[in-house]
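Novice: Chains as they are written, first to last, in our numbering: chain A, 72 to 394; chain B, 207 to 484.
To be clear, the hints were calculated from the coordinates, so they are not data collected in a lab. Any given hint might turn out to be false.
Claimed, not checked - Partial chain B-side listing against chain A, Cβ under 8 Å, derived: (1) A327; (2) S328; (3) L384; (4) P403.
To be verified - Stretch by stretch, here's where chain A covers chain B in the computed footprint (C-beta under 8 Å, at least three residues): (5) 375 to 381; (6) 394 to 402.
This one's a predicted model, so the numbers in the text were calculated from it and none came from an experiment. Even glycine gets a Cβ: it sits at the ideal position worked out from N, Cα and C.
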Amino acid sequence: MLRCVNLSLSYRIPGPFWRKSTRVFAVNDVSITLPPRQTLALVGESGSGKSTTGRLLLGLETPDAGYVMLNGTRLPKPGTRRWQKLRKRLQLVYQSPLAALDARMKISDAVREPLAIHNIGTPQERALKVGAALEAVGLTLEQSSRYPHELSGGQVQRAVLARAMVTEPEVMVCDEPMSALDVSVQAQVMNTLLEMQKRMRMAILFISHDLRLVRQIAHEVAVMYLGRIVEQGPTELVLHRPLHPYTRALVSAVPVIGARGQQRIVLAGDPPDPSRPPNGCPFHPRCSLAVDRCRVDRPALRTSAEGQSVACHVAEIGAEASR
Amino acid sequence: MANRSLRFHVGAQIGIAWIILMLGLTALGLTMSADYVLNIDLAHRLQPPLMFGGNSVNILGTDELGRDMAARLIKSIEVSAGIAFCATLLGLFIGTAAGFVAAEARGVLDQLVQGLIDFQASVPFLIIALTLLAFFGNSIVLFVCLMSLHGWERHARVARSMAMEANALGYASAVRQLGANTMRVYALHILPNIAGPLIVSATLAFPEIVLLESGLSFLGLGVQPPLTSLGAMVGFGRDYIDVAPWMVLLPSAAILLTTLSINLVGDWLQDWLAPRRR
Numbered sequence: 072m073l074r075c076v077n078l079s080l081s082y083r084i085p086g087p088f089w090r091k092s093t094r095v096f097a098v099n100d101v102s103i104t105l106p107p108r109q110t111l112a113l114v115g116e117s118g119s120g121k122s123t124t125g126r127l128l129l130g131l132e133t134p135d136a137g138y139v140m141l142n143g144t145r146l147p148k149p150g151t152r153r154w155q156k157l158r159k160r161l162q163l164v165y166q167s168p169l170a171a172l173d174a175r176m177k178i179s180d181a182v183r184e185p186l187a188i189h190n191i192g193t194p195q196e197r198a199l200k201v202g203a204a205l206e207a208v209g210l211t212l213e214q215s216s217r218y219p220h221e222l223s224g225g226q227v228q229r230a231v232l233a234r235a236m237v238t239e240p241e242v243m244v245c246d247e248p249m250s251a252l253d254v255s256v257q258a259q260v261m262n263t264l265l266e267m268q269k270r271m272r273m274a275i276l277f278i279s280h281d282l283r284l285v286r287q288i289a290h291e292v293a294v295m296y297l298g299r300i301v302e303q304g305p306t307e308l309v310l311h312r313p314l315h316p317y318t319r320a321l322v323s324a325v326p327v328i329g330a331r332g333q334q335r336i337v338l339a340g341d342p343p344d345p346s347r348p349p350n351g352c353p354f355h356p357r358c359s360l361a362v363d364r365c366r367v368d369r370p371a372l373r374t375s376a377e378g379q380s381v382a383c384h385v386a387e388i389g390a391e392a393s394r
Numbered sequence: 207m208a209n210r211s212l213r214f215h216v217g218a219q220i221g222i223a224w225i226i227l228m229l230g231l232t233a234l235g236l237t238m239s240a241d242y243v244l245n246i247d248l249a250h251r252l253q254p255p256l257m258f259g260g261n262s263v264n265i266l267g268t269d270e271l272g273r274d275m276a277a278r279l280i281k282s283i284e285v286s287a288g289i290a291f292c293a294t295l296l297g298l299f300i301g302t303a304a305g306f307v308a309a310e311a312r313g314v315l316d317q318l319v320q321g322l323i324d325f326q327a328s329v330p331f332l333i334i335a336l337t338l339l340a341f342f343g344n345s346i347v348l349f350v351c352l353m354s355l356h357g358w359e360r361h362a363r364v365a366r367s368m369a370m371e372a373n374a375l376g377y378a379s380a381v382r383q384l385g386a387n388t389m390r391v392y393a394l395h396i397l398p399n400i401a402g403p404l405i406v407s408a409t410l411a412f413p414e415i416v417l418l419e420s421g422l423s424f425l426g427l428g429v430q431p432p433l434t435s436l437g438a439m440v441g442f443g444r445d446y447i448d449v450a451p452w453m454v455l456l457p458s459a460a461i462l463l464t465t466l467s468i469n470l471v472g473d474w475l476q477d478w479l480a481p482r483r484r
């Protein structure tokens, strides 16, 4: 089980020498628990800190504050021997697969590499595992003997997925894994992920902004805004009865075939500059429900009886009204 | 794709033909006895080449001591090319290693390597060479080491910047995130990926080193007699330029053709090794 508590990561942006450098919080006070066989989806706009949260959870970055525990032990510092050994249990599926593969290495060699790095199995066993992983993502033998640039975007993405699953990790972070795939392949890859999850008790952190995919795969959803989690809970609850105004806007933006006259909540303006976050609730400048309190007091996460958490002062009133 | 092929690159074909001819001659030179190269025959000194009215024993004429020009030319090509080849390889190794160390260590070590690179690039190499030769005397090993210092900074820059790029985002960081150790990342991933630019950088350095060796030998600081090199031949022929111009012209032509050939091949390699990504 992977658990992180009050994770924060900020970057210093150096200004001109006469001004103090500014701090930008990419991730702010995020706590997430990833039990085995569970999928948690992390949704939010670009720049909301989803990817950084994923990297922190895998221990690829060191948080400024907070910590990450894997089965009760804290993750070691990046680059150390222990950290290297741990890599086979924590895997990342990359957002830009072509950049993540060595252009001078054949697909099958790239997929075999984690096994070679961690000294898993004999050459024959490795070949079997590689074959199984490639088959699971639907790549043929002929395709796997090619170089990355000779394959299509979707095929490369599946190769990266095969490389991540070949060591049978306990936790897999999928960073927008489907954005390069067409719908038929999405379904195939999705099924592969779900099957792997069942077979190997794998926990998945699924980073996406496609709520339809999230609905299919995730047991739980966390919504991020400006580096913070603003709403979290079981997928059904969060997507069907969103409490936070931001989540409502996200959910209303999903087009549904045949649903005419669906009320779409259009968010005003862009997300604020993360180096100068607004006072109070970070969402209040774009929120239609904002009251005076929202401008001065930042809401903490409150959890309902059904296990749905929300960071909003006015949320429950709105939710009760719609019930 | 097709225009990268060697078939369409006439310059590279000529270059390769000349290099093969040279390698053949060098192989011939290795079987030649030292006597023949050093054989002094004062009765037949300063004979012109065959086509300028010389005899058929010394096809390319003789020098001021009656030694056969053809034999000495072959020996010189062997020595000059040998020094340049060893020095280029050594320089490539030093430069790549320094670049990788800088890219991996960052911080103080990186600053140090960059300082050395800037020093090398900003001080005229001839001055460095003269100083070192004056202090340590001359030997063929020292001379090769010295020549290898020429061009290492370019290789180091290429290796450093490309390794940093790969480390920042991309295949190298991805492999690290799979748990690979530093050796594996550099030897199995970064090196094969940047081999192209490094080879091109080396083909740039090789003719420069031939010229540098020739220059130093011409000045009398490089290869010492009785050993000979192309530059040394030009240097000793200088005194006889009005009575026996072939003594200067023949080794000069060999230098020109060799450096030109390598440059032509380098041009083609640069196109041919360019990354084929979408």
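Novice: With reference to the structure, classify each hint as holding or not holding.
Specialist: Outcome of the hint check:
The interface hint given for B:A327 is violated, since its Cβ lies 28 Å from the closest Cβ of chain A, which is over the 8 Å cut-off. The restraint placing B:S328 at the interface with chain A is violated, with a minimum CB-CB distance near 27 Å, outside the 8 Å limit. Below 8 Å, beta-carbon pairs count as interface contacts, and B:L384 has one with chain A at about 5 Å; its hint therefore holds. A distance limit of 8 Å between C-beta atoms decides the matter here; for B:P403 the minimum to chain A is near 13 Å, and the interface restraint is violated.
For a cut-off of 8 Å, the count of residues in the segment 375 to 381 of chain B with a CB near a CB of chain A stands at 5, and the three-residue condition holds. Counting residues of the segment 394 to 402 of chain B whose beta carbon lies closer than 8 Å to any beta carbon of chain A gives 3, which reaches the threshold of three, so the coverage claim holds.
Taken one by one, the earlier hints fail for this structure at numbers 1, 2, 4, listed in ascending order.
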